[in-house]
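Working from the sequences, and respecting the hints, build out all of it.
Each chain is listed here by its residues.
There are 4 protein chains.
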Amino acid sequence: MAVVGLGGAVASTAVAGVELLRLGSGTTDGLPFAGLEGVAGLARYEDLVFGGWDLCGDNLAKAAEVHGVLDYRQMQAVSSALEGVVPWPAAGDEEFCRRVGGDNVVAVAPSGGSTGLRPVVDHLVADLERFRSSGGRDGGPLDAVVVVNLASTERYPDLADPAFATAAAFEAAVDAGHDGIPPAMVYAYAAVLTGCPFVNFTPSVGADVPALEELARRHGVPVAGKDGKTGQTMMKTVLAPAFRSRALRVEGWYSTNILGNRDGQALDDPASLASKLGTKGGVLDGILGYPVEDHVVRIDYYRPRGDAKEAWDNIDLVGFLGQRMQVKVDFLCRDSVLAAPLVLELARFADLAQQRGESGPLEQLGYFFKSPHVPAGARVEHALHEQERALLEWVRTGSASVAGAE
Amino acid sequence: MAVVGLGGAVASTAVAGVELLRLGSGTTDGLPFAGLEGVAGLARYEDLVFGGWDLCGDNLAKAAEVHGVLDYRQMQAVSSALEGVVPWPAAGDEEFCRRVGGDNVVAVAPSGGSTGLRPVVDHLVADLERFRSSGGRDGGPLDAVVVVNLASTERYPDLADPAFATAAAFEAAVDAGHDGIPPAMVYAYAAVLTGCPFVNFTPSVGADVPALEELARRHGVPVAGKDGKTGQTMMKTVLAPAFRSRALRVEGWYSTNILGNRDGQALDDPASLASKLGTKGGVLDGILGYPVEDHVVRIDYYRPRGDAKEAWDNIDLVGFLGQRMQVKVDFLCRDSVLAAPLVLELARFADLAQQRGESGPLEQLGYFFKSPHVPAGARVEHALHEQERALLEWVRTGSASVAGAE
Amino acid sequence: MAVVGLGGAVASTAVAGVELLRLGSGTTDGLPFAGLEGVAGLARYEDLVFGGWDLCGDNLAKAAEVHGVLDYRQMQAVSSALEGVVPWPAAGDEEFCRRVGGDNVVAVAPSGGSTGLRPVVDHLVADLERFRSSGGRDGGPLDAVVVVNLASTERYPDLADPAFATAAAFEAAVDAGHDGIPPAMVYAYAAVLTGCPFVNFTPSVGADVPALEELARRHGVPVAGKDGKTGQTMMKTVLAPAFRSRALRVEGWYSTNILGNRDGQALDDPASLASKLGTKGGVLDGILGYPVEDHVVRIDYYRPRGDAKEAWDNIDLVGFLGQRMQVKVDFLCRDSVLAAPLVLELARFADLAQQRGESGPLEQLGYFFKSPHVPAGARVEHALHEQERALLEWVRTGSASVAGAE
Amino acid sequence: MAVVGLGGAVASTAVAGVELLRLGSGTTDGLPFAGLEGVAGLARYEDLVFGGWDLCGDNLAKAAEVHGVLDYRQMQAVSSALEGVVPWPAAGDEEFCRRVGGDNVVAVAPSGGSTGLRPVVDHLVADLERFRSSGGRDGGPLDAVVVVNLASTERYPDLADPAFATAAAFEAAVDAGHDGIPPAMVYAYAAVLTGCPFVNFTPSVGADVPALEELARRHGVPVAGKDGKTGQTMMKTVLAPAFRSRALRVEGWYSTNILGNRDGQALDDPASLASKLGTKGGVLDGILGYPVEDHVVRIDYYRPRGDAKEAWDNIDLVGFLGQRMQVKVDFLCRDSVLAAPLVLELARFADLAQQRGESGPLEQLGYFFKSPHVPAGARVEHALHEQERALLEWVRTGSASVAGAE
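Residue numbers (the working numbering), protein chains in the order written: chain A, 1 to 406; chain B, 1 to 406; chain C, 1 to 406; chain D, 1 to 406.
Treat the hints with care, since some could be wrong.
Computed, partial: chain D to chain C, Cβ under 7 Å [what the hints assert, rightly or not]:
1. 29
2. 73
3. 238
4. 318
5. 319
6. 321
7. 327
8. 329
9. 331
10. 332
11. 340
12. 385
13. 388
Just so you know, these hints were derived from the structure itself, not from any lab. Keep in mind that this is a model prediction, so the values were computed, not measured. Yeah, the Cβ is synthetic: ideal placement off N, Cα and C, and Gly gets one too.
Below you can see the structure in the form of structure tokens.
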């Protein structure tokens with residue numbers, strides 16, 4: 001795995017988790033598909049190897065200490081392994097993500113310079129090729145590399161920009177140093193050029209524009225996204241199907257989140273927040289089959305919690321005889337603890353898809369995402385149990401009807 | 001529908017709801033299968049007609065006023081229709097349900113008298129035959145009668161009693177006036193003898209003993225139960241599959257309920273409460289695939305809420321790296337508003353099953369129950385979405401594989 | 001009482017409540033000082049008479065129906081009395097309160113016209129004099145008139161505006177039609193000129209600028225404010241003193257509110273919201289004695305609840321050994337039901353203060369307000385129990401040491 | 001301090017906390033009276049020294065590890081000091097506390113033997129005298145010894161037993177080996193005989209019977225109790241005064257607690273639970289001035305939380321116009337973290353009272369207790385802010401009017 005945002009809480013937790021499994025002191029709690037057996041080509045957790053970029057150049061032992069996810073004994077067990085993982089210089093862009101910065105940047109102009117974005121792309125491609133040829137624990141080559149975006153949320157680019165419409169326009173824009181191309185898209189492009197599947201666990205726009213889809217198919221590269229479905233939205237896609245099933249009409253759904261980690265800090269910028277709220281907001285109407293007019297989603301940066309997060313939901317329901325009821329859900333969760341195992345599963349499945357010859361958007365991975373990236377025109381299934389069914393069907397048979405019957 | 005406990009909050013709400021639909025002033029909110037169309041033989045809500053027994057002889061307008069579920073305008077619209085529905089004398093037994101009584105009782109000894117239970121059974125059978133032949137709105141015959149048990153929860157009978165093991169032993173015990181036979185079983189027996197499907201929406205033991213199953217099959221009568229899955233347990237069977245799906249290990253699940261209606265009053269008797277907790281307690285382990293040692297369920301009688309109910313759950317989860325998380329769910333619900341529409345659906349489906357020639361336990365109706373009554377040896381599926389899938393498959397095709405893949 | 005915003009939910013609830021008390025069918029639940037007896041000069045609830053202004057000219061029976069606070073029986077009992085209460089044309093200003101409007105406006109230019117604000121003031125003064133001389137139930141004169149501002153929240157004016165610094169500057173600005181003077185201040189000025197105590201139950205800036213304080217003292221008029229302390233902030237001023245008492249350090253306090261009434265609609269305008277958050281935000285630090293850096297307050301307009309309101313708080317505490325704890329409070333309240341009785345008490349006490357010869361800010365009424373208006377330089381006491389003690393002391397003795405020992 | 005139950009979570013946390021303060025690495029968070037200065041005779045936290053009894057003979061380092069209250073760094077800092085604190089053999093009685101046992105018992109028959117209880121009392125007196133003469137850090141004498149009961153909750157003794165009515169009857173019963181005398185009373189008696197103030201932080205019956213009060217006064221020994229007011233009940237005595245102040249009528253109050261530590265285990269015995277519920281149940285009516293008929297308190301043993309505890313409250317309120325509202329409070333707290341600092345304060349104040357010449361029940365310490373032990377016939381004040389005021393008044397002046405005006 002080559003991770004964009006390797007020094008973040010999710011990535012460092014994932015790296016530590018794999019290391020603990022290798023040491024035999026971890027459990028498979030939280031790993032949804034630990035029980036899958038006999039699936040040809042599916043990588044083992046213990047065989048995953050990590051590299052990647054981060055604007056902060058600290059090694060992962062230091063990063064993990066800052067994030068405070070691991071307990072004391074776990075830190076002791078994995079710190080020497082984590083010390084050996086040092087992020088490569090990254091290609092950030094303050095225009096797209098204001099609250100989070102760092103000085104571990106690639107030594108070419110990150111955007112808009114006279115030399116265009118091409119040198120940056122070349123740099124990232126070189127990173128990936130070097131990792132593929134010598135990233136193994138023994139310094140040898142890797143079987144495959146999957147790029148996973150775990151970086152802080154960027155603001156929306158202008159989705160109507162013609163540069164995003166076709167592969168040709170996009171490549172020309174890269175050459176011209178078009179300053180409307182966000183970093184997530186640059187990484188996606190580098191992954192595609194290198195033949196590495198690209199998984200976008202963030203709300204940023206990565207491979208989910210026609211230009212990148214075209215390029216992904218052309219290069220035989222699967223892409224998957226976006227925005228990991230971990231806490232509140234995961235619960236929403238569990239509860240809403242039940243309310244629909246019982247014909248309890250959702251009159252309003254109020255969701256608020258408080259979190260204090262680097263993610264929360266990034267979202268303290270209204271532009272980044274808009275991206276996040278965009279992916280969180282869409283799940284309800286599709287599941288319920290009607291628009292919920294009072295669907296409100298809030299995210300607030302609140303430091304006392306650090307990586308721990310709290311999501312509070314209130315749902316107003318109307319039942320038989322028009323009588324009103326309320327459900328309140330309070331989820332005291334750990335952001336990285338929920339996200340890290342999903343990232344590991346995604347890497348395994350994206351690799352499996354590539355082995356199976358698939359390219360372009362992997363809609364069977366909708367189970368993992370708030371806003372599943374599907375082929376143009378396809379219906380998006382949000383209900384968690386339907387997504388799980390479709391994913392397991394694909395794992396077993398190689399194909400799946402993603403969208404459930406309406 | 002012939003309802004045991006016709007004067008209760010659930011039954012009076014169901015009757016009022018059908019009346020409002022007939023008047024065109026109701027909506028189908030809360031009716032899960034209002035959208036089913038073109039299913040041959042499925043009764044329309046508006047065609048349902050109500051009779052039944054209650055220890056309290058007040059007409060349903062008076063009962064509805066006591067329960068306070070309907071709002072002022074709804075009461076005005078339906079009160080004259082409800083006044084015309086007067087419960088028949090009922091066959092209660094203080095030995096089995098202590099907190100709730102009344103004086104509208106059948107004029108034969110309810111249990112243990114020298115004359116045995118046979119006269120009581122004959123009385124109930126006569127009630128049902130009279131209702132079937134002349135219960136229509138115009139005084140004419142009904143197409144079919146379904147008996148639905150909505151009475152207060154009874155204490156457990158002795159399930160090892162040989163009287164419950166075979167049809168012959170049971171009928172002999174009825175003749176002998178065996179005092180270990182609870183009222184719910186007497187009603188189930190009367191329904192079976194009359195060829196009426198029996199639906200047990202309560203935790204009491206009704207048709208779920210071998211003797212009654214044998215009789216039901218012999219008389220070609222479908223039976224379904226038990227204990228309507230309305231609020232907290234419904235949510236449990238929605239959330240637990242999601243925790244299983246995400247491999248979030250459930251370390252403990254604490255559930256408490258406060259309610260102040262007649263149901264709550266009945267459960268203030270520890271013996272009745274034990275029956276209720278029995279049906280509530282079993283759902284988790286089957287869904288999760290491992291035993292949850294700290295699964296605590298409390299029900300407390302608390303009068304300020306009346307028919308409104310509050311269910312508070314706390315769930316302790318263990319995720320990746322052994323990290324702990326918590327989910328709290330607070331469901332401010334209306335007991336009768338959730339239950340009444342399920343009762344209407346059950347009557348429609350039990351009737352449909354009889355038209356389709358089925359008899360004995362209808363496992364495809366598990367969707368409606370906390371403790372689905374299945375044929376001996378069959379696995380019980382508790383996950384709501386799997387139950388819904390199986391039910392819809394049966395509706396469409398006439399058969400269903402109820403238990404999902406393990 | 002002459003109420004600014006007479007057609008709102010709080011005012012119509014107050015009027016209905018007094019009417020029910022007069023009819024003998026109300027209770028004193030919610031009236032904090034119903035038990036005070038033998039206090040010379042304190043008006044009886046039943047003797048209160050209501051008039052006032054509103055941008056919506058509907059009579060109060062119609063208004064009460066829209067707000068939906070009263071139940072059916074209460075509406076029936078008071079509707080004829082409420083029909084007789086019709087708001088006078090009001091002096092609103094869209095510049096200061098954008099979301100809520102109406103066409104029941106005074107027939108002079110409300111602001112900024114060539115004629116200045118003086119005609120508006122004269123109009124309001126005439127309203128008050130007419131009410132005082134003939135507002136009694138029998139058309140006779142009233143003993144006294146108290147003006148209470150219950151209008152929707154206005155945006156902040158520019159508090160550094162020299163027009164607000166002295167009485168002379170203010171009166172000149174009124175004459176000049178200065179467009180920076182918000183409606184609440186115009187009403188306060190009219191009240192002062194007429195010798196009527198002015199109570200500001202809203203977060204708007206009314207009499208809480210030096211110019212108005214000077215005028216109030218000069219005309220012998222007591223003023224009180226501001227922003228009624230009803231739900232979440234009331235709870236905050238109860239809990240925070242306890243945390244201080246137990247030395248539980250407040251590391252963060254996250255508060256969110258959802259409400260769907262006209263108040264909520266007004267606060268959907270960010271400028272009005274800022275005023276509201278201003279008065280809600282200040283209470284913690286003063287009570288605790290240190291700044292709470294993560295004190296976040298949110299108010300969201302959410303329609304399913306109407307006048308019912310929900311305030312959810314999460315508090316992060318640090319105790320012995322630096323260990324963290326959390327308290328969550330969910331208050332399902334009725335905005336108007338909490339506010340209306342406080343408004344009645346305020347009118348009684350403001351009148352009592354005037355009888356006792358007081359003028360200027362009444363700091364002993366801090367018990368009722370989120371942001372007590374105190375004389376310049378005085379310490380503000382926020383702890384509810386200290387405020388109650390000071391108020392009762394003043395009621396009994398005519399004076400009070402408001403601020404508790406630090 | 002000589003602690004009954006020295007190996008428990010509260011005691012070991014208190015010992016660790018004092019050690020951290022001595023090391024300069026602790027803070028005064030959670031210590032309510034850390035800010036008191038210049039009070040003659042008030043001991044400093046750092047000067048407290050600990051001894052005491054426990055049925056489990058493990059040293060406190062081992063105990064602290066089991067309880068899991070301290071974090072890793074704190075454990076490292078204090079473990080060597082804690083290793084040096086080893087509980088003395090204790091005088092338990094399985095008849096009074098069934099769920100918690102141990103084998104570190106005094107070498108005389110604990111109850112009902114032919115030799116009577118006198119040898120046990122003599123043994124405890126000898127423990128205290130030895131501790132007083134040589135318990136100092138340097139092996140020298142202590143200025144004073146306070147006995148604090150932190151043991152697991154015992155079942156109620158028979159309060160009508162004549163043995164508890166007078167000093168003479170009690171001493172005769174001790175001599176006779178009367179088996180109705182609970183261990184807490186035996187410890188209280190030993191403390192009194194030795195001239196050591198006795199503080200009862202548990203719900204058990206200790207010095208709160210006439211016989212012990214008489215003995216305490218005769219020996220010039222202050223006693224205080226009972227049942228530390230830490231979490232849910234503390235909040236109750238903060239919120240109830242506010243509801244009373246605002247005239248919000250409490251129609252019902254439902255409280256449930258889940259906890260998994262040794263305390264919770266002891267309370268899993270219905271007899272011990274009854275004692276606990278007794279002290280928790282009484283606080284409301286006194287504060288509100290009317291009986292709350294639906295006041296329900298539940299405590300459930302629930303292991304996933306260990307020493308962490310959750311208290312969930314629902315309060316039903318009736319306000320103006322009879323309208324209903326609800327408040328829910330969820331307190332995620334740490335039992336020992338809340339209790340330990342109160343224990344330290346109690347020891348300091350009990351000692352101060354003895355220095356000031358007081359004996360018998362110290363009603364000014366009601367601030368710390370769920371069920372304040374007051375002289376016979378005195379009104380019990382439960383409101384936290386009134387208790388705090390009275391305590392501070394006593395600290396400053398040496399006397400206090402405990403009960404506020406009604």
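Checked hints:
1. 29: Since the shortest Cβ distance to chain C is 5 Å, the answer is holds.
2. 73: Not OK, violated: residue 73(D) not within 7 Å of chain C, min 10 Å.
3. 238: 4 Å, holds
4. 318: 5 Å, holds
5. 319: With Cβ-Cβ at 4 Å, under 7 Å, it holds.
6. 321: 6 Å, holds
7. 327: Since the shortest Cβ distance to chain C is 5 Å, the answer is holds.
8. 329: The hint holds - residue 329(D) has a Cβ within 7 Å of chain C, the shortest such distance being about 5 Å.
9. 331: This interface hint holds because 5 Å falls under the 7 Å limit.
10. 332: Holds, about 4 Å.
11. 340: 6 Å, holds
12. 385: Hint holds; residue 385(D) Cβ to chain C Cβ min 4 Å, cut 7 Å.
13. 388: It holds, given that the least Cβ distance between residue 388(D) and chain C is near 5 Å, below 7 Å.
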